[in-house]
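S.K.: Protein chains in written order, with the working numbering: chain A, 358 to 749; chain B, 17 to 290.
Worth flagging that the hints you see were computed from the coordinates, not collected in a lab.
Backbone N, C-alpha and C fix where the C-beta goes; we use that ideal spot for every residue, glycine too.
Treat the hints loosely; a few may be bogus.
Computed cross-link-like contacts, DSS-like style, restricted to lysine-lysine with a CA-CA straight-line distance of at most 27 Å [unchecked claim]:
(1) B:193 <-> A:581
(2) A:578 <-> B:275
(3) B:231 <-> B:193
(4) A:581 <-> B:162
(5) B:93 <-> B:163
Pair by pair, the computed Cβ-Cβ distance ranges are [said to hold, decoys possible]:
(6) B:179 <-> A:372: 32 to 38 Å
(7) A:620 <-> B:105: 56 to 62 Å
(8) A:465 <-> B:49: 30 to 36 Å
(9) A:705 <-> B:184: 55 to 61 Å
(10) A:484 <-> B:52: 37 to 43 Å
(11) A:712 <-> B:52: 38 to 44 Å
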Amino acid sequence: MFSSLSRNDWLLLIVFSAIVLVLPWALQPIGAAYPDLLQKFAIFGIFAIGFNILFGLTGYLSFGHAAFIGVGSYVAVWSFKLLTMNVIPAVILSVGMAAVFAFLIGYVSLRRSGIYFSILTLAFAQMSYNLAYSVLTPITNGETGLQVRAIRQTAETSLRDGDVRVIDQLFGIPEVGVPITNLFGMKMSGYPGFYFCAVLLIICFFIAMCITKSNFGMMLKAIKSNQNRLNYTGIHTRPYLISAFVISGMYAGLAGSLLAITDPIAGAERMQWTASGEVVLMTILGGAGTLVGPVLGAGLIKYAEQKVSSWNEGILHNALSALPDGVEDFLVGLFSFFVGEGWHLTLGFLFMVIVIFLPGGLMEGARRIRASFGRDNSSKASGSKTVSQPAE
Amino acid sequence: MNMSAAETITEDEDERGFKSGVPDKVLHIDDVHKSFAGLHALSDVDLDVRKGETHAIIGPNGAGKSTLLNVCVGRLKPDRGAVIFDGDTLTGKAPHEINQLGVARVFQTPEVFLDLTVLENVMVPALSKRDGHFKLNPFAAFTSEKKIREEAIEIIHNVGLHAQLNDIATSMSRGDKRRLELAMCLIQHPKLLLLDEPTAGMARADTNATIDLLKKIKEGGMTKVIIEHDMHVVFSLADRISVLAGGRIIAQGTPEQIKNDPRVKEAYLGEEQV
Chain A
358 MFSSLSRNDW
368 LLLIVFSAIV
378 LVLPWALQPI
388 GAAYPDLLQK
398 FAIFGIFAIG
408 FNILFGLTGY
418 LSFGHAAFIG
428 VGSYVAVWSF
438 KLLTMNVIPA
448 VILSVGMAAV
458 FAFLIGYVSL
468 RRSGIYFSIL
478 TLAFAQMSYN
488 LAYSVLTPIT
498 NGETGLQVRA
508 IRQTAETSLR
518 DGDVRVIDQL
528 FGIPEVGVPI
538 TNLFGMKMSG
548 YPGFYFCAVL
558 LIICFFIAMC
568 ITKSNFGMML
578 KAIKSNQNRL
588 NYTGIHTRPY
598 LISAFVISGM
608 YAGLAGSLLA
618 ITDPIAGAER
628 MQWTASGEVV
638 LMTILGGAGT
648 LVGPVLGAGL
658 IKYAEQKVSS
668 WNEGILHNAL
678 SALPDGVEDF
688 LVGLFSFFVG
698 EGWHLTLGFL
708 FMVIVIFLPG
718 GLMEGARRIR
728 ASFGRDNSSK
738 ASGSKTVSQP
748 AE
Chain B
17 MNMSAAETIT
27 EDEDERGFKS
37 GVPDKVLHID
47 DVHKSFAGLH
57 ALSDVDLDVR
67 KGETHAIIGP
77 NGAGKSTLLN
87 VCVGRLKPDR
97 GAVIFDGDTL
107 TGKAPHEINQ
117 LGVARVFQTP
127 EVFLDLTVLE
137 NVMVPALSKR
147 DGHFKLNPFA
157 AFTSEKKIRE
167 EAIEIIHNVG
177 LHAQLNDIAT
187 SMSRGDKRRL
197 ELAMCLIQHP
207 KLLLLDEPTA
217 GMARADTNAT
227 IDLLKKIKEG
237 GMTKVIIEHD
247 MHVVFSLADR
257 ISVLAGGRII
267 AQGTPEQIKN
277 DPRVKEAYLG
287 EEQV
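Only chain B is shown next, with the shape it has when bound in the complex (with noise of 0.2 Å):
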């Protein structure tokens, strides 16, 4: 395990690295390592992630980070090393397991249901969230699932796409179908919220207004890890930030930490930049 990249473990660690009973880290990547037909995307990856806190990922392209993230979510599957969230191995568990457990993503390309209104594409997480398994029951109303409609009328309120409530996805654009899938992950409360690029593609206005939006839900006390490239979006919103060059973590610290890290400058950051 890569500790000289951790924060110090101090207590009550079990055998795979997890500080039990203490709710200080959601997230514990334990000694990952991941290729792609001898190509190292992923090698001796060590991360902790604590609870409340945003996490940047940084990295030039092709340092493994959106791997990294597949492997979180179970898309991928570790080569060697586990992942830990909240005292449950999420490695070779499927991508619905892993979401039940209060994980949730979203993507560097929206995914949203495009044939579905925005409050439809809401209201499909929350019954996943509230069921839980499969339900089969066609007299139960979709349409009359009051408390879950009115939640999910807020969130989209709160995300600003009140005026396309009833619009369909697939008319939406970009930034717009980024911010619907912000919302159908946060109908679902998770304890992680997983998001690979979230400004990617969006004007400066679109940008700002999605960090005040992911600022308001740190103040909800949700743990975030944010892939991200644009740095105004990183040192905006990162209490912490991991560095990946070449599937390595090289660096983790502080976002002050980070900028004055000269491995950082030489791999990443360059120094105009920083």
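Here chain A stands alone, though its shape is the one from the complex (with noise of 0.2 Å):
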């Protein structure tokens, strides 16, 4: 069954799943590791994962993919307020629900390849977005956003102000106070949350690890390279770009019934078009195509987001207060334009400067630079022989 990976994949798989979990001591120095930022680490990580099955093996680049993480959110919340506050219905249901709403809007969307294709999926997703916000306030509670609440006393409750939980009245599972996601008793806040995201990220980077080495993968890598010629060679390949999306859909709803388990609300601004935006930058920051890539450019982001947002002048002149008075007044100046609520310009150079320097992401990066020791190697060992080596 698994006769596709080599040992390296599996070496790969081994050291990522070990980075991963030792990951709330191995940030510690950089001030990431704290719950909440490691759970979106992972949680965008295995976003991002989906995102690069579709974009990465395929080069269909889709703006839409937001809308899949709002569903799964969405969808998650009701598990709670309908079935039980465990989360493994929740991200059952989420999963098939987006699976569900990737093949309708992929089924469309598909139709189309290129910018139009990116087009439609942008336009579902606003469309998804905007439903979220007004029309189907029933189910989403609009602006407001849909939240857990506790079990209603009286049927003339609203489900929105009220929940059911029917499995949890069941089963006779007591509720004292804000009820809080669980896995089987073991509360899905903290650390507990972030180590349930990060198995489940695993999974997800094995999933993926498959379908890359596989049959499968190999046509979506052909038709990212040359789809006139798969037509052409007896290959009809639309079954094969709907799969892609569907699966990478179902990565997306995965992560949004994730952050309805880690924080459970689900609000339209998840479906946004810039939420599909970062996804697309996530990707090509860590590296399209790669494996690891796209979930480093997950961390990276999320990583400005919470801690470059946060910065301050205080913090900047600190930081800079070794330098001459006058030099560091300049620089604090110049640097408070990039932190703070400006951390998007930070984001943006960050992003020129990788799509002009390192088209490749991250990845690429650290290619040049095994490829330089590499180099290093053969050139101190007369007569060896440098064997390049796949990405991964």
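Hints in hand, dock the two standalone chains.
M.R.: Now the structure itself:
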């Protein structure tokens, strides 16, 4: 079953898993080892890995994947409200519903390719956002967002204001205060929440690795490389594309459900086009088409979002205090545009630098560094031949 | 139907003019007409290709050769007429469906998977030939398809690309990409191979190597249709030749017959070349 994976693949999986699981310690030096941020690393890592299956392998750039995050979140919160605070039904239902949505949107959007496909997905996502924001208020609670409430005491209470949780009530699971999501009793907030997300991230990484190395993955790469040739090679590309779209939509649905699990509220803003654009940035920043790159990109962007946005002039003054006063003031004045509320400028600048100098993202940077070490070694060892290694 | 140009059909013809039950004709182009904005690219084209033969289609620029090939592989839909291959009507079918029936095509500009290695380029069409249709199995290993891999390596060796087995196709020369594309078609074991100017842009040595390669394939009994400008290639390979001019077939016959046909001399070849 897993014969498609080489020894190097297994090694990569083990190293990746180990790094993900030790993140709470490894990120302490950079001040990122707190559960909220760690959860976001894992959740958006899953989102980016899934997006990469579509964009990285087939080259089809979707600008509407945030719609599936939103669907996943809403379905998860409804699962908490109607069924149980246990996360397992929420995850399963979210992924399933995201798959249905992805199939419907993909079936229509994939009738076109290139910019037309991107625009179609963007249009669908914005339609979904507007539906969630206004038209479907009875289901989404509109601007306020859908939240988990205490179990209602009377049947007259609106489902938005009081939950039923039939499974929890059936099993007589007691509730005290604000209901919290759980995995068979284990609360899904803080570090347990992170580890739940981390395990799912590792599973998602493994599935993406299997897809990449399989016949199916090779067909997706061939679509990116030359779809015309593939058509004349006897392969109907559309089912492959729809499958890739649905799979990546399911990843996004899972990410959406995890957002709701770690913070049981679902709002329409998760479906905004900016959220769709963010995953594009994550994937390109890390390295589209690679397995690790999108996770790196997601981590970098979420770190910048949390950290750079919290910096202010005081922090900058402290950091640059060793410089002469005039220089310090000048640099603080300059950098203050790029921190705090201006952190998007830092992100934009970083994105420009990566795209111009490292079109293959951070993974290309890693490859170049490795290649330069390879050259150094080969020049030292006379007569030895440098063997180029694949990306991953 | 322009019967004067076509070979005589003697028995068991069906209503489409295709001789059923007799494995003589593989491809039958029946009264095909195609125009673009009033310009007649193909008019009343009738053509038969026999099983196992190498059939060359020649003609001056703009004669409609590539249009005819595009009609055959489903890239263009004719305004009128039909293309029948091995008893199946190709007209209206999608390119991938036509390929699944056993028709492979080599393009004028090499169409390969530039981001994949030479080996992967040849293995992908093999999967298509074997699978036929969509198959989603993320655990079926591409690299462990041993039988396909071995056959792909053998074919790559035959076309002379074994030294570049693991090279990415984008770094290859145009001539090598042509050979790679040919290998991609050969691994599908097509019943009919359509070649659109397979030696265009090649140096003489490469052209001769390609001729030798195509002769080798000929020994395997595969039917081939070649569109070619280079008369050296045409007369080296073709069993029969059809001449297109102004979207019509003006002559059809053996290379000797074509060489001596005054209409061909006038329309295309020119006195000195003949």
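S.K.: Next, verify each hint and record whether it holds.
M.R.: Outcome of the hint check:
This hinted pair checks out: residue 193 (chain B) and residue 581 (chain A) have alpha carbons roughly 18 Å apart, not beyond 27 Å. Taking the CA atoms of residue 578 (chain A) and residue 275 (chain B), the gap is about 47 Å. The hint is violated against a cut of 27 Å. For the given pair, residue 231 (chain B) sits about 19 Å from residue 193 (chain B) by alpha-carbon distance, which is consistent with the 27 Å threshold. As the CA atoms of residue 581 (chain A) and residue 162 (chain B) are separated by approximately 25 Å, the hinted pair is consistent with the 27 Å bound.
Restraint check: the Cα-Cα separation between residue 93 (chain B) and residue 163 (chain B) comes to about 37 Å, which exceeds 27 Å; the hinted pair is violated. Range check, residue 179 (chain B) to residue 372 (chain A): about 35 Å between beta-carbon atoms, so the 32 to 38 Å window is met. Range check, residue 620 (chain A) to residue 105 (chain B): about 60 Å between beta-carbon atoms, so the 56 to 62 Å window is met. For residue 465 (chain A) and residue 49 (chain B), the hinted distance range of 30 to 36 Å is satisfied, since their beta carbons lie about 35 Å from each other.
Checked against the hint of 55 to 61 Å, the pair residue 705 (chain A) and residue 184 (chain B) fails, with Cβ atoms roughly 32 Å apart. Look at residue 484 (chain A) against residue 52 (chain B): about 38 Å separates their beta carbons, and that is inside 37 to 43 Å. Taking the beta carbon of each, residue 712 (chain A) and residue 52 (chain B) are about 41 Å apart, inside 38 to 44 Å as hinted.
Checked against the numbered hints given earlier, the structure breaks hints 2, 5 and 9 and satisfies all the rest.
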